[in-house]
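Number of protein chains: 2
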Amino acid sequence: MTYCVGLQLERGLVFLSDTRTNAGIDNISTYRKMHTWEVPGERALVLMTAGNLATTQAVVSLLEERNLAPSERDPTILSAPTMFQAARTIGQTLKDTIVQQREGGPTAGTTFNATMIFGGQIKGGPARLFMIYPEGNFVEAQPDTPFFQIGETKYGRPILVRAYDAEMEFTQAAKLLMVSFDSTIRANLSVGTPLDLQIYETGSLRLGTSRRIEDSDPDWRAVSDGWSDALRRAFDSLPDVTL
Amino acid sequence: MTYCVGLQLERGLVFLSDTRTNAGIDNISTYRKMHTWEVPGERALVLMTAGNLATTQAVVSLLEERNLAPSERDPTILSAPTMFQAARTIGQTLKDTIVQQREGGPTAGTTFNATMIFGGQIKGGPARLFMIYPEGNFVEAQPDTPFFQIGETKYGRPILVRAYDAEMEFTQAAKLLMVSFDSTIRANLSVGTPLDLQIYETGSLRLGTSRRIEDSDPDWRAVSDGWSDALRRAFDSLPDVTL
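Protein chains in written order, with this note's numbering: chain U, 1 to 243; chain V, 1 to 243.
Just so you know, these hints were derived from the structure itself, not from any lab. The C-beta atom is built at its ideal place from N, Cα and C for all residues, glycine as well. Each hint should be verified, as a subset may be incorrect.
As the list claims (entries may be wrong) - Derived DEER-like restraints, expressed as beta-carbon distance ranges: (1) U:D74 <-> V:D240: 55 to 65 Å; (2) U:T36 <-> V:M1: 31 to 41 Å; (3) V:G105 <-> U:D215: 18 to 28 Å.
As the list claims (entries may be wrong) - In silico negatives: residues of chain V with every beta carbon more than 10 Å from chain U: (4) L78; (5) A80; (6) P126; (7) P134; (8) E169; (9) T171; (10) T202; (11) T209; (12) R211; (13) D219; (14) S237; (15) L238; (16) D240; (17) T242.
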């Protein structure tokens, strides 16, 4: 499993992803699921992936044209004129990869599907956030639905729905995502630390703060340990039910 | 879908179930999913059901021997000498019903499966709480795992895990379950009010407070409206993340 969230704020985008992959519960590994590209002053792009690891790694390699000799590489999404075109390129690459893996040969017990969150900004356009499906199509975040989750989405959703505010500071948004991840990690063994955090400030056209959050990270510990007490206090503050 | 929770406390058991059933999102109905039996001073039993409605209704009818003439009925679980035997009877009835519906005839697009939470007390034994699987087997709640959920379990789980306390009053436990249901109802359209609440006080050997909670119920509204603010305050009380 996996858990990744991309959040659209007025001041920019915030991304957080876990790093645990598993093939059965007795075969777990750590892989980075967040990929970034940057041409300072011109574009900054962030891609998070969930699903079949062979599929998502192939997609990222193809986007970076790793089938070419190193000297000839020119990542395709670095030449897309708009975020929409970049999302289309990723969607098509994802769809093609899944189709190719399905064709002929033995079929795996699991599917080859993958889902992705893609966000960032290209000069001349606004910062945008997309969710890309295995079918190659995608939807964009809007004020009514300002965030996307992929992977194990349910445990961490209630706090996102309730505490999200478009005017949040990046520091608050990072805290919100940590709370959402903490609820998920406590409930599902297939989601785990370390986490990868990436901030993008609208208009900057360069990647903002990037941070790997280990299980011993003081901020993570403060959220993880503090949230139980805070939730209990919130719960106690509600009036008791009459019976 | 469905959402039901059974909670074991030191002072007794608390049950809460929703009433929404659906066959597709364009075909929703309201059905009671909580069934109770009582012989005051001798036994009090509560059963909550999730899954195929035809299966769960058949199981309850069979338990009440509704295949017999009214004058000959003697619900089988009212003659079980222990909670364990009653749970075995329910499990076997559930398994037989599923097998019978599967055999021959056209197969439905959905499965005939169902899962149940069963709890209560029979004179001479302790109050017990079971989760019964479609295979007919079952597990019992213990201090390490003092509650069971069936149906849409994920959205409402984080608050249960964090705010549960074995020494809770019934009024607090009812509030806890309402918070858990509120998170679920906001996230999944196939879970809905009215809710059915049932309390059982250990040793009483009779059903305790029973209440149908409509959407306009003042306690429900206080929880549903108050929880967003309480959560936000809890969230604000955590230290911000450094970036």
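Are there hints from earlier that the structure breaks, and if so, what are their numbers?
1, 3, 8, 9, 11, 12, 13, 14, 15, 16, 17
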